[in-house]
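Visitor: The chain contents come next:
There are 2 protein chains.
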Amino acid sequence: MLTPSRHRFLIIADGEFGPLSSKTANSCIRYFPERIVAVFDRKQAGKTVHDVLGFGGAIPVVGDFERGLALGPTAVLIGIAPAGGQLPAEWRQWLRATIERGLEIWSGLHSFIGDDPELGRVARERGVRIHDVRKPPAKLPIADGRAAEVEPYVILTVGSDCNVGKMTAQLQIRDELVKRGHRARFVATGQTGIFLEGWGIAVDAVVADFIAGAAEQLVLEGARDADIVLVEGQGSLIHPGYSGVTLGLLHGSCPDALILCHQATRDTIGDYHGREPWVKIPPLPELVEIYERAAAPVRPTKVIGICLNTFDMTESQAREAVARAGDETGLPASDPVRFGPEPLAEAIIREAMAAR
Amino acid sequence: MLTPSRHRFLIIADGEFGPLSSKTANSCIRYFPERIVAVFDRKQAGKTVHDVLGFGGAIPVVGDFERGLALGPTAVLIGIAPAGGQLPAEWRQWLRATIERGLEIWSGLHSFIGDDPELGRVARERGVRIHDVRKPPAKLPIADGRAAEVEPYVILTVGSDCNVGKMTAQLQIRDELVKRGHRARFVATGQTGIFLEGWGIAVDAVVADFIAGAAEQLVLEGARDADIVLVEGQGSLIHPGYSGVTLGLLHGSCPDALILCHQATRDTIGDYHGREPWVKIPPLPELVEIYERAAAPVRPTKVIGICLNTFDMTESQAREAVARAGDETGLPASDPVRFGPEPLAEAIIREAMAAR
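Keeping their order, the protein sequence lines are chains S and D.
Under the numbering used here, the first residue of the first sequence is numbered -18, with each subsequent residue one higher.
Under the numbering used here, the first residue of the second sequence is numbered -18, with each subsequent residue one higher.
The shape of chain S in the complex, shown without the other chains:
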């Protein structure tokens, strides 16, 4: 268990800090701006985070790593992936300086910093912790349905595609449920969620045989001291690259209900590499059916609400899209960031009561 609330972070986003290019950095800034002392990016140096992202306030962007360290962080958080996946020499220098100051490193990279011979050794010598949050636990089970037996009501977000708001939806819903006095717990399944919450498993990084087992273990863990467990979804059942992760998560977490997330303006699967989009996103009612049918042979579940991401629409377009989504599916719908998660929180409470 990490303790993000005790830390003050310097975020590395060198050369890539921007609204669309630094997803991890941006989520951290959105969810815990008060814990961030600065963003390091030589390109945007001198601006504030708000200047670059349109949110995040007066957090400075610094162009000199040492200057960032001088602002008093207790940890350095890696907010972008270096191009090519390997650690460039400059990064190595920054991370070494971080460790030598006795500051923790928080990383969600696929290649583990703690396994780097030089950085790993220096960290061990100085007794400094490197948190490679994508590193799976050593021992994971093969899923066998134990997640179906927990007491709390379990909800999984599922999506039309990657990067449509499955994590954000659950966080908004969690806050709303907690505000109403429910013991609701968010379960992180990706690096950003783990940065936010301090625990979880990046299910896309486990060995394929253990995807569902990781989901099962997370639900069992999240079920302690909770009445409602909100599992962060990943990928999409219709994504050519990541669908396996999505199905493993669906079968392993044994959700009582699903919330379907979609970016209203998106009509093809968008997140793969350098090729023309070729997988069409079907209409919402068809997506509902795809998820319910995929779950059914293992454990039936149902979609009980729709979360639309409307960030690139005007206010009136967004209202119209939400109304249409509700009409098409006959389900409560909202953009939980723009219009609030109330309809979804209410649907969950209603269904959880009915399931008792």
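Among the hints, erroneous ones may be present.
Where chains are identical, the list cannot tell them apart; a pair therefore holds if satisfied intra-copy or between any two copies.
In silico DSBU-like links for lysine-lysine, alpha-carbon gap of 30 Å or less [said to hold, decoys possible]:
{"hint": "1", "residue 1": "Lys160", "residue 2": "Lys4"}
{"hint": "2", "residue 1": "Lys28", "residue 2": "Lys116"}
{"hint": "3", "residue 1": "Lys283", "residue 2": "Lys261"}
{"hint": "4", "residue 1": "Lys24", "residue 2": "Lys283"}
{"hint": "5", "residue 1": "Lys261", "residue 2": "Lys4"}
By construction, these hints were calculated from the structure, which means they are not laboratory data.
Given chain S, work out where chain D should sit, using these hints.
Guide: For chain D alone, kept in the frame of chain S given last:
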């Protein structure tokens, strides 16, 4: 690329050699008995392989590892998984003796023998190769549909459950197609298939994000010099533990057609750990629909034949089960081991011609 045909193997199956307990050893014995000098198992020592399995002829079972080595193997093949997943001290001793004799080690264990500090070092010092066939390639792509663009006709076996004959079906079909003059190539996706063919990727052992990418890479590789590519299936879309691997393989390999495999007497998913069976296997027509629907949003495909595994039925029961499977689904059906793969090979040729 390994070269199984050049080797003579001593198989380790200590304490577990038997019809149901040593799946990897048994498949190797079934497919290349002529390359196996002995099986090492202290419990069954003194018997022949045929005594224990009911096939495999006069291959001796030895109770002394050194005696096995004295029979002149060029490699030691690990035919069972040690209980608990860790290498017991005795195993370590056997494997060290193997390396010190200059013999290769072939292993499909989840924990990699080459990564063992002691055994890895000794092997490097002596220049001996350890083949951890479950170790994924260093660089895998995120799948993006390139498997759909290969020239050959691609067939994937899918199943009602694990361990119903998805590999065996493809091997039988491959042999039949080759006999008829077709350039048919088997693509291994699991450890036993890799032992048999000398190449492949154990897709259950790759990092979850890369399941479909591994499948894509395998199809591109298999498509060279082939007119028909036969991809070994894994798991089942209705298996609570392994469904993610199955969906990733389905979407990543972009098959033109599927062959559905089922063990005729099995009615619940059986391969998970110490709990009552709780997932029912639906009727074959429903399974056909489950696979076709799961594939459709990414790339439509269809089931074109049924492979029944009838090993535990009488001859007349088996004939009846095959006839019923054909009637229920309207598709060619056979037990490819018991009654031959001809109906399936013919269905593939017919469909491949029609697709030109």
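Visitor: To test your reading of the hints: which numbers does this structure violate?
Guide: Those not satisfied are hints 2, 4.
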